[in-house]
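With full-length UniProt numbering applied, the sequence shown corresponds to residues 1 to 449, in that order.
Bear in mind the hints are in silico, worked out from the structure with no lab data behind them. Hints should not be assumed to be uniformly reliable.
27 Å max Cα-Cα, derived DSSO-like pairs, lysine-lysine [as the list claims (entries may be wrong)]:
1) 273 / 211
2) 246 / 273
3) 246 / 432
4) 211 / 20
5) 246 / 173
If you anchor each label on the Cβ, the simulated ranges turn out as follows [unchecked claim]:
6) 324 / 94: 28 to 38 Å
7) 351 / 191: 42 to 52 Å
8) 180 / 292: 38 to 48 Å
9) 91 / 276: 39 to 49 Å
10) 294 / 210: 40 to 50 Å
Treat the numbers as computed from the prediction; the structure is a model and nothing was measured. Note that the Cβ used here is the ideal one computed from N, Cα and C, for glycine as well.
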Amino acid sequence: MSSFKRKTTAKQPDAPPGTKPLAGAAGVHITSTGIPSLDDILGGGLPLRCTQLVLAPDAHSAYGELVQKYFVAQGLAAGQDVCVVHECPRAFVEACMWTPAAPGVLPAAAHADEDEEKAAEGDAKIKIAWRYEQMKQFQTTVPASNQSGDDFCQVFDLTSRIPPVAVDAAISKQQLSFIEVGQSTERPLRRVLNQIVELLGPEESETNSRKALRVCIPALGSPAWGDVEPQDICYFLYSLRAALAKRRHACASISLPPYLCDVDFGGPGWVQKLGWLSDACVSLSAFTANPSLSAIFPSYHGFVHIHTLPSPLVLVPPSDRFSTLRGLSSSGENNLAFKNMRKRLVFETLHLDLEGGVSERRTTPATNTIETIVPPTHDHGHAHAHVKAGVAGMATVEVQLEQTEQRIIQERPAEVTVESTTATTTTTVKKKPKKRVAFQSDRPDLYDF
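Start from the sequences and build out the full structure, keeping to the hints where you can.
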């Protein structure tokens with residue numbers, strides 16, 4: 001009997017519902033943000049014990065709030081605990097999207113199908129030529145369908161709303177909790193931070209496992225939070241990140257109001273500071289304030305800027321290795337953009353559209369094409385002359401252009417009536433004499449070339 005024993009790894013605790021292990025980082029689990037393309041950018045999903053900060057500096061849109069609604073809807077659909085910090089938390093949850101196949105779904109008003117959504121679904125068979133049928137279709141984003149059948153990332157429909165029955169059931173099971181923000185004598189940021197830390201519970205060991213907890217803060221520092229200074233935002237983000245780093249079952253997603261995402265609020269380097277104080281920081285720069293960008297990129301609604309990516313317990317972010325949209329496996333990193341379609345929000349690689357559009361003619365007409373303009377005429381069936389004051393007759397002019405004869409009838413006053421007949425004249429073009437190159441040698445011969 002051999003005295004050697006195979007070395008086996010210790011048994012890992014079971015992953016909480018709605019999570020899966022992070023490739024490249026032992027002992028770390030990730031959860032979905034509800035948007036498959038955003039999960040790909042983060043390296044597969046948002047790791048537990050990490051914070052995500054979404055910046056939307058455009059005041060005319062609410063894309064940051066839309067990302068937070070995806071975050072809440074995914075947590076409820078996966079059976080995870082969700083805590084919403086908002087001035088009207090229940091109304092915010094009831095406005096979240098939901099899965100289209102779920103029972104009791106409240107459908108929204110019907111709209112016309114968008115052309116870009118049909119193109120994005122791209123599952124149809126190529127009908128260009130038979131030899132192209134086996135080629136892989138060009139894709140600018142990751143698939144949105146739940147092919148694995150698990151509850152890691154559900155497919156949500158923006159035209160559907162979460163039913164009130166599901167909200168009441170989540171509250172009764174203590175799956176959904178609220179922290180209402182209101183102006184008080186105490187600093188709201190400190191009070192909310194203490195309530196979140198109390199909700200997270202004591203620091204636990206690595207062997208314990210419990211249900212994953214999502215903390216969602218849709219509008220940190222909004223007017224409902226009272227007077228907020230830049231140092232208060234920095235302290236809150238730093239303290240929340242430190243509290244989550246000690247608890248392996250929780251994660252947080254935060255977004256700021258548009259005026260707090262501007263450099264004018266926090267001074268130079270404000271966005272970089274926000275990226276350093278969070279594990280993942282992404283900016284969604286919409287085109288609504290810049291019509292020229294909307295004309296250049298009509299298929300997109302804004303740019304995606306990555307400031308920080310999560311790297312729990314590792315030195316290099318897993319997104320550098322596993323992200324398909326970023327494309328770091330090739331020569332360089334791809335430019336990213338987003339677009340909000342009728343049923344979903346998509347992050348994809350940025351590409352220029354066809355020059356001139358797909359519905360316009362992109363070729364110039366032939367040079368020998370002449371547009372003929374025929375003036376309106378009428379026929380009475382008998383010949384008669386129109387007599388007007390100052391006009392005695394007409395002049396017929398024959399015009400020849402590029403060997404195409406065309407008769408144009410023009411009205412001229414009697415004083416300047418000119419009768420001219422243009423005849424084709426042959427112009428003799430003198431040929432230039434042939435150039436002669438000569439050189440003199442010792443012999444009296446002349447060489448011509």
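Now for the hints, and whether the structure bears them out:
no.	hint	verdict
1	273 / 211	violated, 32 Å
2	246 / 273	holds, 22 Å
3	246 / 432	violated, 92 Å
4	211 / 20	holds, 13 Å
5	246 / 173	holds, 26 Å
6	324 / 94: 28 to 38 Å	holds, 34 Å
7	351 / 191: 42 to 52 Å	holds, 47 Å
8	180 / 292: 38 to 48 Å	holds, 42 Å
9	91 / 276: 39 to 49 Å	violated, 33 Å
10	294 / 210: 40 to 50 Å	holds, 47 Å
Comparing the model with each numbered hint stated earlier shows that hints 1, 3 and 9 do not hold.
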